[in-house]
Each structure stands twice: as C-alpha cells, then as structure tokens.
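Number of protein chains: 2
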Amino acid sequence: MSKKERLSTEAYKGVRDFYPEEQALLNYLTSVMRSVVERVGYVEYHASVLESAELYRAKGAENEELTNEQTYTFLDRGGREVTLRPEMTPTVARMVAAKRRELGFPLRLYSIPNVFRYERPQKGRLREHWQLNVDLFGSRSLYADAEIIGVAYGIMRAFGAKESDFEIRLGSRNALEKLDMELINREVSSENRKKIRVLLDKKGKMSEGERQKELEQLANGPFEITETADIVEIRRILSDLGVTNATFDPNIVRGFDYYTGMIFEVFDTHPSNNRSLFGGGRYDNLTALFDDEPTPGVGFGMGDVTLRDFLAVRGLTPPYRPPTHVYVAVATPELVGGAWALAAELRQQGVNAALDFGERKLGDQLKTASKHKIPYLIVVGQNEIASSNFAVRNLETGEEKTLAREQLAAFFLNL
Amino acid sequence: MSKKERLSTEAYKGVRDFYPEEQALLNYLTSVMRSVVERVGYVEYHASVLESAELYRAKGAENEELTNEQTYTFLDRGGREVTLRPEMTPTVARMVAAKRRELGFPLRLYSIPNVFRYERPQKGRLREHWQLNVDLFGSRSLYADAEIIGVAYGIMRAFGAKESDFEIRLGSRNALEKLDMELINREVSSENRKKIRVLLDKKGKMSEGERQKELEQLANGPFEITETADIVEIRRILSDLGVTNATFDPNIVRGFDYYTGMIFEVFDTHPSNNRSLFGGGRYDNLTALFDDEPTPGVGFGMGDVTLRDFLAVRGLTPPYRPPTHVYVAVATPELVGGAWALAAELRQQGVNAALDFGERKLGDQLKTASKHKIPYLIVVGQNEIASSNFAVRNLETGEEKTLAREQLAAFFLNL
Numbered sequence: 001m002s003k004k005e006r007l008s009t010e011a012y013k014g015v016r017d018f019y020p021e022e023q024a025l026l027n028y029l030t031s032v033m034r035s036v037v038e039r040v041g042y043v044e045y046h047a048s049v050l051e052s053a054e055l056y057r058a059k060g061a062e063n064e065e066l067t068n069e070q071t072y073t074f075l076d077r078g079g080r081e082v083t084l085r086p087e088m089t090p091t092v093a094r095m096v097a098a099k100r101r102e103l104g105f106p107l108r109l110y111s112i113p114n115v116f117r118y119e120r121p122q123k124g125r126l127r128e129h130w131q132l133n134v135d136l137f138g139s140r141s142l143y144a145d146a147e148i149i150g151v152a153y154g155i156m157r158a159f160g161a162k163e164s165d166f167e168i169r170l171g172s173r174n175a176l177e178k179l180d181m182e183l184i185n186r187e188v189s190s191e192n193r194k195k196i197r198v199l200l201d202k203k204g205k206m207s208e209g210e211r212q213k214e215l216e217q218l219a220n221g222p223f224e225i226t227e228t229a230d231i232v233e234i235r236r237i238l239s240d241l242g243v244t245n246a247t248f249d250p251n252i253v254r255g256f257d258y259y260t261g262m263i264f265e266v267f268d269t270h271p272s273n274n275r276s277l278f279g280g281g282r283y284d285n286l287t288a289l290f291d292d293e294p295t296p297g298v299g300f301g302m303g304d305v306t307l308r309d310f311l312a313v314r315g316l317t318p319p320y321r322p323p324t325h326v327y328v329a330v331a332t333p334e335l336v337g338g339a340w341a342l343a344a345e346l347r348q349q350g351v352n353a354a355l356d357f358g359e360r361k362l363g364d365q366l367k368t369a370s371k372h373k374i375p376y377l378i379v380v381g382q383n384e385i386a387s388s389n390f391a392v393r394n395l396e397t398g399e400e401k402t403l404a405r406e407q408l409a410a411f412f413l414n415l
Numbered sequence: 001m002s003k004k005e006r007l008s009t010e011a012y013k014g015v016r017d018f019y020p021e022e023q024a025l026l027n028y029l030t031s032v033m034r035s036v037v038e039r040v041g042y043v044e045y046h047a048s049v050l051e052s053a054e055l056y057r058a059k060g061a062e063n064e065e066l067t068n069e070q071t072y073t074f075l076d077r078g079g080r081e082v083t084l085r086p087e088m089t090p091t092v093a094r095m096v097a098a099k100r101r102e103l104g105f106p107l108r109l110y111s112i113p114n115v116f117r118y119e120r121p122q123k124g125r126l127r128e129h130w131q132l133n134v135d136l137f138g139s140r141s142l143y144a145d146a147e148i149i150g151v152a153y154g155i156m157r158a159f160g161a162k163e164s165d166f167e168i169r170l171g172s173r174n175a176l177e178k179l180d181m182e183l184i185n186r187e188v189s190s191e192n193r194k195k196i197r198v199l200l201d202k203k204g205k206m207s208e209g210e211r212q213k214e215l216e217q218l219a220n221g222p223f224e225i226t227e228t229a230d231i232v233e234i235r236r237i238l239s240d241l242g243v244t245n246a247t248f249d250p251n252i253v254r255g256f257d258y259y260t261g262m263i264f265e266v267f268d269t270h271p272s273n274n275r276s277l278f279g280g281g282r283y284d285n286l287t288a289l290f291d292d293e294p295t296p297g298v299g300f301g302m303g304d305v306t307l308r309d310f311l312a313v314r315g316l317t318p319p320y321r322p323p324t325h326v327y328v329a330v331a332t333p334e335l336v337g338g339a340w341a342l343a344a345e346l347r348q349q350g351v352n353a354a355l356d357f358g359e360r361k362l363g364d365q366l367k368t369a370s371k372h373k374i375p376y377l378i379v380v381g382q383n384e385i386a387s388s389n390f391a392v393r394n395l396e397t398g399e400e401k402t403l404a405r406e407q408l409a410a411f412f413l414n415l
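If you read the sequences in order, they're chains A and F. Residues in the first sequence are numbered consecutively from 1, following the numbering used here. Residues in the second sequence are numbered consecutively from 1, following the numbering used here.
Next up, chain A with everything else stripped away, as it sits in the complex (with noise of 0.2 Å):
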C-alpha cells in the first residue's frame, strides 16, 4: 500500500483515544463517584447511546436549540429518527415511567453514561465526555434535596478538594418565577424579562454594579429576588452534615427547561478557573411526558472533562500504576518455555505477570517494561531457572532483592 493511500490514525473530531494512562486516570474519576453514590444507597443503570429522537423535541422551546443544532441526529436504515444522547435525564426519566409500579421509590439511581454535543471543541468542552448522573426519584422531601447536594459535595471531597477549593450555589425556579411575576405586575415586557435572565447567567461575566444598574432598568424598578423558604431549609439541612460552603445565589439560572425547584451549581473558586463545574435540580413533571402520574425527581449530572481539569490544577490527579504486578523478561530466546512457567505459576497464586516472549534483546524487554511503568521486574536466564532463585528489580529505585521461587507470590501480593 502506498504512503498515500493510508489511513489516518486520527480519532474523530471532538472525541478522545483512551490510551490506558488516560483510562486509568477515568477509572479513578468513576470508582471515587461509585464507592460515594453507593454510600448513600444509590444503584447503577445504563442504557444505550441511541434514543429516539423525538425524546429530546418534547422539551419544550428552550431545547429547540439543542435538538435541531446540536445534537448527533440522523435516519436509521429503516427510516427512524435516532439520536445519540446529550444528556442522561430524559433517558432515566423514560425508563421509569416505563416501570413505575415496580420500581419502589424513593428510588436512587445512577450512571456514568458517555453524551455527545455536536459543537466546535475547546477547552472544558468536547463532542464526547463522560458524565456521572445521580437522581432520586419518587419524593418530593426536602431532605432528598439536600441528599443530592450532599452527595455533589462528598464527591467532591473524595477527590481531595477542600471545602475552600469549590462553592456550592443555590438557586430556586420557585424565586425566579415569583420574580417574574412581580415583573408581569410591573408591565415588563416578556422581551425585556428574557434579557433579565440572560443577565442574571451573566454573573462575574461584567461588573457588578453594572449588572445590577442594568437590571433595575430593564426591570422598571428595584431589582432583587429574595432567597425562599425551601432553599433555607434544605441549607440548613446540609450544615447539619457540615457541610459550610453552600450559599444561596440568586443568579443561578440552569439552561434545562425541566427544572421545578431548586436548582445548583458547583463553582471552581481557583482564581485561573472561576466557572461551574456542573450542577443540578429537581424536576417534578420530567416524566409526565411519558406517564399519568408523573414521579418526581431530583438530581445532578457531573461531566469528567472540567472534573479532570479541577484536579490537574490543584494536584489531585493520582499517578499512574498499571494493574500489572511483574514484568518477567527472557535472558535468552529459548528460555521463554520456562518464563512462561514462571508466570503461569506466580498468575496462578494471584499475581498479574506480564510475560515477555524473548523476542527482543533484554535491553529492549527491560524498556517495555519501563514504558509500561510496571513497579517490577523479573529476568528468567539459566541460573534462575536452575537455583529456583529470582532477583527481583524495583524499576523505580533500581533497588534488587532475590528471592526463592517460592516467595516471590508472597513479595507482590504483600506490596
């Protein structure tokens, strides 16, 4: 095959290769956010990629935007309409509603999707991530509101940030719609309350003062919206748990149309990277798309791309140790029949053997080894073969120590 002809190595646009350090470092994000959502009773499900796509037209207006521009959608061969989803309420939403009556709820659930957005990449935003989503279903306590919070900020923690790393803030469609009320009572127009809102998302983007003058102009009058009785109580609630830094912020808008209470976001304090991370909220009518007697929910999605860039930042991201204990190399190409053994017997005693095969010059096997950064090493030549004596290297510290065949299980397993 000529050069020219070859095909690229690229993946597709927007999209990541997860060579095994990036998965690794996945593996870490998704085992901290299961070992704490099952804390707290929480049970995995899944579904797949392709939804119907009318799924995501039924929102409403807001999500026109999103449907029509920036969702992966297109025909199946039978002439469906299929989307890949953007995001996982819908989903879980539907799967209830298809089996209220066997549920039981409340009912806690969770999932690491992948979701995909047809839009240009940059940083903090690809085409594809993969995106923790928590939801409590069936109650309508504000306790489960504070649950799901305190879930977000126990995440948080089992990542290592202190409390001074990240802002909870809370919001309430309940505030917003008692403020757009009193602004219909003041004659606002429904153009000018639309401004009012982009606005308010607009926080920390302008000065302050600037912002507010703004708002008490398009809003004929003095502008504020006050905190309500739900937000005080689910915060009071959560610094029962000790929880200290969750405020109320009357800016806190969210883009989804399904939100009905409360509402929140987890913001970044690191001066370089002041921006929510993610966020969350209840929605009590999400499944009277699908059903009668809609169940309510409540719940956050929490995406791995600005999550990896919150740790690399403060430090927080572990290094990489892949699952392989040993690494045993070959002296001499015939030797690889008693390498072979060699590992076979320590895999047998619980140990992970990556056996090289002699192909390569032991300089060479030695590099592989090094480049798959395993913490040890083996070197099965005659002697060892024939004493049933192993010197095994550390590849960190150079640092050698032999051992009987017999021991050496017992040495890896006991790291």
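Derived from the structure by calculation, the hints contain no laboratory data. One should not assume that every hint holds.
Stated by the list, open to error - In silico DSSO-like cross-links for lysine-lysine, where the CA-CA straight-line distance does not exceed 30 Å:
| # | chain 1 | residue 1 | chain 2 | residue 2 |
| --- | --- | --- | --- | --- |
| 1 | A | Lys-99 | F | Lys-178 |
| 2 | F | Lys-162 | F | Lys-178 |
| 3 | A | Lys-371 | F | Lys-99 |
| 4 | A | Lys-178 | A | Lys-213 |
| 5 | F | Lys-202 | A | Lys-361 |
Given the structure of chain A, go ahead and fit chain F onto it with the hints provided.
Leaving out everything else, chain F in the frame of chain A:
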C-alpha cells in the same frame, strides 16, 4: 398533556435498557473479565464509539457488505462520514499505529466497548452489545497465540464453566491458503473455491457425509485440510497449561478478512445451544493500513449477549444483590431528621445506607426495601432514638436482632 401526545417509554429497537439488576449482571461479567485479563498483564484502553467511516471501508471486499449494509453510518453536520463502531479491532489497530514508537512491545491491551450492527434483532443478536476485546501486539511468537487462547479459556473457567461445557477449535489461515494453492493447481474455479469456504463454515448444519461428498466434488478430488505445525505447537503449549479441550478443526474459517495465521472459536457444547460463542485470531498486517511498519497482532472479542445465554443455560448467573447494605425506614414523618442523622452516621463508618424520607406508610417503605432487594432494614421510631437501640431485620429470613447504635456499622461491615 393528553394521553395521545405521550412519548413512548420503549428503548430504541434492538438495544437494551439496563435496570439495576441487568446492570449488576453486566458489571459482574466485566469484573470477571477484568480480573482474568489483568492477571495476565493486560491493561485497559478505550475509544469513542464514533469513528471515521473510512476505517471500515479499507479492509477489502469481504467487509464491503458489513460497511454498506450493516453499520450505522451517517454524515455529521460538518459533512464528515461517521460510523458507530461495529467492532473494536480497527480502532485498536489505529491507536497502536498512532503511537507505535512510544508504546513498547509486546503490548497487552483490553477494552470492553459497546459495538453496533444494524441488523434484525433476534436471539443472541442485538443491534448493540458489549464486547470484551483482548489484543496482544508486537509478537509473532506462538506463545502469544497460546496466551490469547489461554486467556479466553481462563475467562470461561472463571465464570464457572467446566472444560466439558465448551470446546476451543483452532483453525489456520495458513492451512486454508495451502488448500487454496492446491485447489488452484487442480484448476478449481475461483467460484468453486468460494463455495468450498462457505461449505466449511456449514459444519454441523448439514450431514457430515453429504458435506464431505460435496467438498470432494467441488475440489475435483480428495479433500482434506491438515493441521499445520504452528497449530500443533500452540496446542502443545496449551496442554502444558492444563487445557485439554482445544482441538484442531479444519472447518474454522471466521469472517474477517484481516486474519493471517491461527484462528479460533469457542463453542458451546450444550446440546440446545451448540454454536460458536466467540473467537479471534492472528492479524499481522492490519496496522499496515496506517503504518509503513506493521505491528503483528493477535486477539479475540467476546460479546455479552451470547455469554449471558451460555451462563443462564447452566445456572451460572449469580443472584442479584444491590451494593446497599441497609434500608433505614421512618416510623412517622417527623422522625426523618433522626433517621437522616443515623444514616449519615452509618455512611461515615463505611456502611452503604439508603434512607426513606417518611413520605409513605411504613408498610410501603418496607415494600420499597424488598423491591430493591436490600438485605437489611432498620425502622427509626421514637423509642429507638431515645434508647439508642435498633432492631435490625433480615428481609430474607425475617429474623430480627437488636443492636446498640454503636454496634450497627460493625454488624453490616462484617457480614
């Protein structure tokens, strides 16, 4: 919203919703796979389900059909032709070619991706399934072939299968090529040579005598495929490992074009399900699509759908248990604060505890715990809070045991 306008709660055709019990089974399957492959030194990678369509076009004639009729291929909004991967091997070959100089060989990689085929859903075949992929790059050693087959064998055993439950049948592209040469020498037409391949694949689907007769007719003479030296050696290595159910089977062909050496399939020996479960083989030229210096590879793919069937028929599917240790119920609604505090305390100590917020009658709270198959229940009442003694009920046996508050965590964690 009127009933008429409600959205369907069904998943897209041919894909599955994974409710907690189904997801727990998938998690069980993948955790067994992981532990076996990591024992042999494999490390995990991953990639997006979106790939450039050309990746599947390039492999040649036999795959044209797959690309044209059986894939999900569509144009993105930027006019790029995108395919939902139908298999993982082209992706991993692309990734290895992209970083050949950095990766270090031999390189052991595994992944558990979802793969898509556009086909009529039927037993054992869905439009999306999850598939373990295990690949070893950079070795031409027959020990590498044997290792890959040994991993497949080890996974079957780790699921509880006996050697008599399955059979490993080894074929050889070399043997098939030798046959082809022989047939060309006999002036067998290319049309008849193709028919012969199809007949080989039909073993077990027609009478053996009839098949042999037809083969001899098409071959203009005696018809036999003899075991090659490489297959003999691979079987020897495997038998040293204790594998006794690997045989040479001249009828093993396998569909993919990219195989160049050993090929194998694992067959279910159950009379009601006597068919190929999964398979793989050696492909030494695949990365030549991307790279001047091709890297040899050998590997296999194992799908979750056929595996589930295999395990179910033999009663090897483990029963569902949620990760949740205990359900904390509330005798009367006003005690939710006390129950919340108890749940928080248990979680702090490492217990996975789900909490009811007291919005339903106690009987309904119990039903929720049972539906979720949570093994233990605690009911928080006035007396319990006052006395700090809690009855722990085993929801399977109905047994109750009263424990002091500070004994609870140890009870659940020492189960």
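Hint check results:
The hinted pair formed by A:Lys-99 and F:Lys-178 fails the criterion: a straight-line CA distance of about 57 Å is larger than 30 Å. With a C-alpha separation of about 35 Å, the suggested pairing of F:Lys-162 with F:Lys-178 is violated against the 30 Å cut-off. Simply put, A:Lys-371 and F:Lys-99 have alpha-carbon atoms about 12 Å apart, close enough for the 30 Å limit, and the pair holds. Of the supplied pair hints, the one linking A:Lys-178 and A:Lys-213 holds, its CA atoms being roughly 21 Å apart against a limit of 30 Å.
Restraint check for F:Lys-202 and A:Lys-361: not satisfied, since their Cα atoms lie roughly 45 Å apart, outside the 30 Å limit.
Violated hints, in rising order: 1, 2, 5; the structure is consistent with all others.
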